[in-house]
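Engineer: Please work from the sequences and hints to get the whole structure.
4 protein chains.
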Amino acid sequence: MFFASDNTGPMHPAVAQAMVAADSGYHPSYGADPIMDGVRAQIREIFEAPEAAVYLVATGTAANALALATMTKPWDAVFCTPLAHINVDECHAPEFYTGGAKLSLVGTGDKMTPDELRAGIARWTKGDVHTSQRGPLQLTQVTEMGRLYTLNEIRALTDVAREHGLPTFMDGARFANALVALDCTPAEMTWKAGIDALSFGGTKNGCAGVEAVIFFDPAHAWEFELRRKRGAHLFSKHRYLSAQMQGYLTDGVWRETARAANANGARLAEGLRGMAELEFVEEPEANMIFATLPRREHQRLKAGGAVYGLWGDLEGDPEERLMMRLVTDWSITHEMIDDFLKLARG
Amino acid sequence: MFFASDNTGPMHPAVAQAMVAADSGYHPSYGADPIMDGVRAQIREIFEAPEAAVYLVATGTAANALALATMTKPWDAVFCTPLAHINVDECHAPEFYTGGAKLSLVGTGDKMTPDELRAGIARWTKGDVHTSQRGPLQLTQVTEMGRLYTLNEIRALTDVAREHGLPTFMDGARFANALVALDCTPAEMTWKAGIDALSFGGTKNGCAGVEAVIFFDPAHAWEFELRRKRGAHLFSKHRYLSAQMQGYLTDGVWRETARAANANGARLAEGLRGMAELEFVEEPEANMIFATLPRREHQRLKAGGAVYGLWGDLEGDPEERLMMRLVTDWSITHEMIDDFLKLARG
Amino acid sequence: MFFASDNTGPMHPAVAQAMVAADSGYHPSYGADPIMDGVRAQIREIFEAPEAAVYLVATGTAANALALATMTKPWDAVFCTPLAHINVDECHAPEFYTGGAKLSLVGTGDKMTPDELRAGIARWTKGDVHTSQRGPLQLTQVTEMGRLYTLNEIRALTDVAREHGLPTFMDGARFANALVALDCTPAEMTWKAGIDALSFGGTKNGCAGVEAVIFFDPAHAWEFELRRKRGAHLFSKHRYLSAQMQGYLTDGVWRETARAANANGARLAEGLRGMAELEFVEEPEANMIFATLPRREHQRLKAGGAVYGLWGDLEGDPEERLMMRLVTDWSITHEMIDDFLKLARG
Amino acid sequence: MFFASDNTGPMHPAVAQAMVAADSGYHPSYGADPIMDGVRAQIREIFEAPEAAVYLVATGTAANALALATMTKPWDAVFCTPLAHINVDECHAPEFYTGGAKLSLVGTGDKMTPDELRAGIARWTKGDVHTSQRGPLQLTQVTEMGRLYTLNEIRALTDVAREHGLPTFMDGARFANALVALDCTPAEMTWKAGIDALSFGGTKNGCAGVEAVIFFDPAHAWEFELRRKRGAHLFSKHRYLSAQMQGYLTDGVWRETARAANANGARLAEGLRGMAELEFVEEPEANMIFATLPRREHQRLKAGGAVYGLWGDLEGDPEERLMMRLVTDWSITHEMIDDFLKLARG
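Residue numbers (our numbering), protein chains in the order written: chain A, 1489 to 1834; chain R, 1489 to 1834; chain B, 1489 to 1834; chain C, 1489 to 1834.
Among these hints, one or two may not hold up.
Because identical chains cannot be distinguished in the list, a pair is counted as satisfied if it fits within a single copy or across any two copies.
Dumping the calculated DSBU-like pairs for lysine-lysine here, alpha-carbon to alpha-carbon at most 35 Å [said to hold, decoys possible]:
| # | residue 1 | residue 2 |
| --- | --- | --- |
| 1 | Lys1561 | Lys1680 |
| 2 | Lys1561 | Lys1614 |
| 3 | Lys1614 | Lys1790 |
If you are wondering where the hints come from, they were derived from the structure by calculation, not from laboratory data.
Structural biologist: Below, the structure is given as structure tokens:
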């Protein structure tokens, strides 16, 4: 009953096999391996973006921080929500890699509206040397609360950015989960909706540790390469990153794992609707569930062996409602879900 | 005939198997995996350092830059040689991670002497707010030219650092190669010789991408953890780093691969002594050979399929002598060496 | 009718005379001038802090950014209000000098309450490597909206910081204006109320460009000196900073100019109460007035030659209310105020 | 007998008077003062550069570091000599402001030759992501050892930079001293000789603390303004910087003070030629003298009240030769020089 995160499970067998297959003979290092050539071509095809610059790094924070730094000046404001991963979960990696840019918080939660974005941009007066300058718009898809931006919502936000000449970046740590939930194409969810660059997650969806950074405008390519090396994120034995991404992309594995993860999330959510005391914080839309229960219920679940994220201490007022996070990746079995539901329902 | 680097070959089977073995079930993320507990204990035992702080990252540059940053203030000079990897091969990662420290070059090549170090330290006047402040001593073992510091040489240099109250760091990207060449213990080559912290390489010696950072004084632990996360080098699925290191350390695999790499280097060097036109730049001491040949010989070798590092262009004056670098890891076969020697001798 | 800021007027004659007096003969450079020895002694006496470390810089932003950087790690959150000068008026100088710290906004305006501070601190989970670490509390006195923290309010906030082991910093760009308004001693408004360090403004209160940075704990001294030099804020002809501060402090000039500035503010505010359409945004407490008027009134005032800060464009809906800021320093004459009031009242 | 530096004397009366003249009434802040408009026009005229971007800061280190940062990427090498002020006297301000650029040392002293520069550039392989990228050429005029680059020498060096597409920067802390020594125009010593940007010193030549930064290509203007503000070097009461520069430039004061300083240096050097034991380290060319004497002579001079820079301790082997630095600004009187010479000759 391991629902703590989608970063705790194993590799998908196809990814593991690709790594094994790549593990013989000699490959040029530092990204010049031929597997990477194939990965680049695959991503360009999947995204219908034949000119895109494509790079691999091993962590989601590296993908976000390096990509944002390439699009952001040290005196710029990055427009993101208060709950954005870059704001609360990256220990100032964005500030470090940008040389001191400011995350300028828009809205109050995990999603922003065009009006909130407009207000956020208006906060910094154009042409005033004293304040933050206006920098990129950052969106997370799936959001940190397990929700989605629809294509129209993305477009409406990137339109606001475009009006002000600001670039746009998508944190796609759970890109595949969003894509299959929206049932659209990668191009539709990105450049056709006004996104300039993104991190394309592999780690949470069946890989060991690999994320692609994609710039639809290749003008950023060389600067990104320098930033990646300077940040110590260029792998010498790069083939092991390439191979993961190759296994992930080939034969649509990445969509299958995302579908499985979302289906697991839906099965879990459906089951939980039967619990009298449980309240969803947000209606689940992908593979994450945020809900509240009284503390005594958390005590019972944890004592029963359930592993999940909990906001607050296990000890305290038994009736106080505490928020939980349950995440399912592709590897979670129906048995695990059903065991948990059985436990949960008492 | 692939002698370009020790970062182009495959994983040692024991390392690959450890990764496969780790690839099932659910592990806590971000370094809390139980495999890491075992790795930490192994390293502490190997180094006879029960209090040491031990961390894993995926690249050698990350290990060096993060460890140095923990020991260095932004206004400090780091004392290293002109050929140090941190000076010429890391695209300013040390400057980036330290917030602008200066690499203050000592000596003229890949090794420094105590007198050169004394002169380097004397360059920066103590207590003068205008100049660089005196920071850590950095040594690379095996050096970037394939040479070794003897234990006495290390001690003589760390003694100079100690006289001035300066900490000491060893770049051990090829730590194992040095260790088996010197036939000493890890403790003797590090803390018993005055080394405060080191990067302990796995990638070049049989792993896919893992390096340990070891601080003999655990006072640095928490700051290092923050720096690692801020630098985006903390893996969520950390078990895949742990597993590599576990496979590498268990049953002395790491010493075996290093012995094999050095023996391959020796076999190659012995064979090359038979070449009339070849001159060694330095007498090889581990798994790297630096030698010069006339350009026409390089043209012949490259045309014959040999892959190695070359300083200079393939086109030009046929008699001009150009430097080559040949590196052997554990995976190089006697056949590959003998094929190359056959080609080399014409 | 120049009410744009307290950084637009001339030096007080006593300050100007001190500069002239210092302008002969030869002085050791870089802060070793004997005038600085006197200034240090004066400030220590004024603050009843015989051990305090005292430094001079030329701009308020330098004072804030350098002092904060000395108290803040790059991964720390600085707790300040959304309207803090460090957040909206320093073009990321705090982020630059700290190496990427985050300004974590507390409350909604120019002042925070202890409960808001507690909530702000609670946002960052202690011991979690992913989030911001808890760093210093920053207060501005006089606030950016012209208001004051009472001594009890300061103490209540620093008590919260102390509970969490966090250092405290006061931006005292208008320190003197606050002091004379509260009618307390410098020690009472700072270290006796739990403040660890402050910037002590001179520029806005009669000097040309000088601010003191004061650390009540001298342990920070040497690091600050290095940071000041590295930031290029150490003056070679330092005597001209020392002389300004000397002229400012001697014979209580600094309190007299602050009293005059506040009295001018009060005279102006009293006069404005007679304007039917004017509404104060905050009740003025020192030398700054924030009020709103319909745009047509601003058009009339500006056309009549009044110079002041205006939030919004002069062109637009004539009935829309726009905020104005009026600031008075010591040099503003009663005639200027009365002329403005005459104009304002139509 | 105060020859320690040209940063220890008073303002020239014309500069002091300009400050006094500026010290009344109300001026827009942050560089919008009308005096600055005049200064900008003056500098453009003096340099025959009607499009130049012109800014003022208060310290030479700020001028150098901010200007260089505008021309340099964090992964670039700045080509300068080992004795460059930016390398040995600015406590890593260049590294700080550039975000971690490397000062790549060319030659062995205070001047470089075109061949040395070519070798320095060749050290960093173009297009290699691992090494430093090639950044700006930095020259100091007058050099840190009191010597000059001739116009032909400057041109020869900037030609090398131009061949590689690298920008060029002149540290002109003693610009005027060099100009009058070479008897050329400001344009000839800068943009006509291939210089793209410079710091134009005022502080050492009669001002209290002001340096101009001049970019001949105004494309850098807005970025420089942001960098200046972010570095906390934008003065609110900017008129006091403007006024100094105005007084300095008007009626050729700046050339007169430089001529006087150089003449003082020449008188001092001529006098010292009569000392049997003194040896010049370099033939003096402007207002700085570097020479050696036995320690016993330094002991005698210091005991006699002479103030100057000394490399080494006053105590030790009486016969050991130690280097001294003597600097003369415009304010040094013939009496002071003659008194010193009398003392020196015993």
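Engineer: Evaluate each hint against the coordinates.
Structural biologist: Hint check:
| no. | hint | in the structure |
| --- | --- | --- |
| 1 | Lys1561 to Lys1680 | both (25 Å within a copy, 32 Å between copies) |
| 2 | Lys1561 to Lys1614 | both (15 Å within a copy, 25 Å between copies) |
| 3 | Lys1614 to Lys1790 | between (52 Å within a copy, 22 Å between copies) |
In this structure, every one of the numbered hints holds.
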